[in-house]
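K.L.:
Chain by chain, the residues run as shown.
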Amino acid sequence: MAKVRGRGIASVSYPTGMNLGGDPTQALVFCQPTGGFSVKLASTDLGQGLKTVIQQIAAETLGVPLESVVVDTGDTDSAPHCMGTFASRGTHRVGNAVIMAAQEARRALLEVAAEELEASPDDLDISDGVISVRGVPDRTLSVFDAALAAHFKYGRTISGRGIYLKPKSTVDPETGACDPDSTVAHATTVADVEVDTETGEVTVLRLASAYEVGRQINPAMVEGQIAGGAVMGMAHALMETVYPEYPALRPHAHNLSDYLLPTTMDLPEISSVVLEYPSSNGPYGVKGVGEMTANSPIPAIINAIHDAIGVWITELPVTPEKVLRALKERDAAQSAATAAD
Amino acid sequence: MSAITVSFTLNGRATTLTVSPATTLLTALREHAQLTATKAGCSQGGCGSCTVLVNGEPTLACLTPLAHVEGQEVTTLEGITPVGGLHPLQKAFYDRFAAQCGYCTPGMIMAAKALLDRNPHPTREEIAAALSGNLCRCTGYLPILDAVEDVARQNGGGER
Chain A
2 MAKVRGRGIA SVSYPTGMNL GGDPTQALVF CQPTGGFSVK LASTDLGQGL
52 KTVIQQIAAE TLGVPLESVV VDTGDTDSAP HCMGTFASRG THRVGNAVIM
102 AAQEARRALL EVAAEELEAS PDDLDISDGV ISVRGVPDRT LSVFDAALAA
152 HFKYGRTISG RGIYLKPKST VDPETGACDP DSTVAHATTV ADVEVDTETG
202 EVTVLRLASA YEVGRQINPA MVEGQIAGGA VMGMAHALME TVYPEYPALR
252 PHAHNLSDYL LPTTMDLPEI SSVVLEYPSS NGPYGVKGVG EMTANSPIPA
302 IINAIHDAIG VWITELPVTP EKVLRALKER DAAQSAATAA D
Chain B
41 MSAITVSFTL NGRATTLTVS PATTLLTALR EHAQLTATKA GCSQGGCGSC
91 TVLVNGEPTL ACLTPLAHVE GQEVTTLEGI TPVGGLHPLQ KAFYDRFAAQ
141 CGYCTPGMIM AAKALLDRNP HPTREEIAAA LSGNLCRCTG YLPILDAVED
191 VARQNGGGER
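Note that the protein sequences, when read in sequence, are chains A and B.
Add 1 to a position in the first sequence, counting from 1, and you land on the number used in this note's numbering.
Add 40 to a position in the second sequence, counting from 1, and you land on the number used in this note's numbering.
Just so you know, not all the hints are guaranteed correct.
Stated by the list, open to error - Reference excerpt, derived from the structure (chain A facing chain B, CB under 7 Å, subset only):
hint, residue
1, 191
2, 225
3, 229
4, 256
5, 264
6, 272
If you're looking for bench data, these hints aren't it; they were derived computationally from the structure.
Only a predicted model underlies this, so the values are computations on that prediction, with no experimental measurement involved.
All C-beta atoms in this analysis are idealised placements derived from N, C-alpha and C, irrespective of residue type, glycine included.
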């Protein structure tokens with residue numbers, strides 16, 4: 002009886018979004034008379050930072066400071082439709098819709114500014130909230146003044162509509178070929194574990210990952226997703242189940258004493274690197290990062306357990322009971338083999 | 041319908057609330073005192089998101105009948121937040137990106153404050169132990185431990 006260590010590796014290819022009949026999201030952008038922009042979304046920020054990355058994307062597209070953009074989310078009565086926040090689709094789908102809406106609003110803004118500056122809208126740039134005529138540095142107009150003029154002088158709205166639709170892809174009946182996803186992110190995780198063969202407990206010592214996520218809009222938030230996902234993945238591998246009495250399928254986890262969540266005392270050493278290979282259809286090259294961060298640690302841990310004790314455990318979570326049972330079967334099989342020799 | 045009247049000190053102010061007898065401290069804070077920083081997570085004592093300080097000790101507001109704090113001192117996140125500013129723990133959580141959805145954050149900060157009040161120089165292990173009753177689904181805890189360690193280091197502790 003001992004503590005034995007093992008190392009496992011696993012990789013995932015993670016398709017962003019889903020496509021069971023088309024996968025759309027809409028956005029509306031409008032400008033207040035003060036030059037502040039509002040982005041209206043039914044999409045929900047679950048804590049990953051969708052509101053922040055959308056604020057960044059809208060500000061970048063409009064050419065205004067971050068503080069000039071307010072992102073209003075989560076009310077399906079007062080905002081245009083979104084399929085939802087899942088499958089790492091938020092930044093990709095919502096970002097694309099917001100770029101489209103912001104571009105239309107930007108065009109409306111420039112048409113007003115063109116009247117004020119007596120120039121063609123095509124010759125205007127917006128940067129940091131200031132509209133300027135290309136090649137004529139002293140002819141400028143603030144977005145604030147353009148918005149005021151639109152509202153009180155010309156009687157025009159500065160607004161934009163956006164939608165991103167991943168069209169439904171039908172499956173070719175002959176070949177099975179289809180186009181289910183929009184862009185694919187990638188990840189590899191290496192896990193080091195220690196298995197206590199006396200108690201059956203598995204301890205994850207280290208999770209080292211590489212994530213290829215397309216372009217990062219907000220690197221600090223990407224890092225946060227990865228660290229959170231690593232611990233969530235570890236917990237899916239070792240602790241969490243709504244069927245603690247499996248194979249009995251009676252859902253039994255009524256509270257947090259039935260449903261084991263990891264705490265500050267269960268943390269492995271976590272390290273990660275991020276690689277950026279921008280996607281062709283994501284907003285500013287985004288692919289998506291959220292969900293796959295909890296995916297790759299799970300098979301890496303299972304592989305590490307196999308490396309440590311030589312048995313495959315094929316049912317999650319890997320509880321101490323399952324490890325002890327597997328070790329017992331392994332030892333019985335070895336004894337039988339020895340006896341047969 | 042019977043009612044009880046409970047007098048206690050809430051964030052430094054003498055407070056009297058009249059509530060139905062089974063009212064928890066959590067419900068009293070959120071629905072009677074309108075102090076909503078304290079969060080209702082599992083409401084079964086399992087997650088720590090309702091952690092407040094009673095006489096400086098971290099206490100689960102969801103399991104504490106309001107009647108039990110008669111004459112006691114209750115401190116919530118609102119009570120440690122300076123007007124127009126941030127408590128050093130709030131600042132450290134902000135700097136370290138230690139919140140994603142933010143639901144666990146008030147309880148985490150109150151549990152961490154209780155630790156630092158008791159032990160201004162905790163080690164990383166002591167911080168982890170003190171926060172082990174507070175669940176976080178989003179962050180993987182590492183930035184939370186980093187944030188509390190930052191404040192401990194400002195106090196002269198926190199070496200790994």
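K.L.:
Taking the hints in turn, state whether each one holds.
P.N.:
Status of each hint after checking the structure:
1. With its C-beta approaching chain B no nearer than about 17 Å, residue 191 of chain A sits outside the 7 Å limit, and its interface hint is violated.
2. Taking 7 Å as the C-beta contact cut-off toward chain B, the hint placing residue 225 of chain A at the interface holds, the least distance being around 5 Å.
3. Annotation: interface hint on residue 229 of chain A holds; nearest CB of chain B at approximately 4 Å, less than 7 Å.
4. Annotation: interface hint on residue 256 of chain A holds; nearest CB of chain B at approximately 5 Å, less than 7 Å.
5. Hint status for residue 264 of chain A relative to chain B: holds, with the closest Cβ pair at about 5 Å, below 7 Å.
6. Given the 7 Å rule on beta carbons, the hint for residue 272 of chain A is violated: about 11 Å separates it from the nearest Cβ of chain B.
When held up to the earlier numbered hints, the structure conflicts with 1, 6 and fits the remainder.
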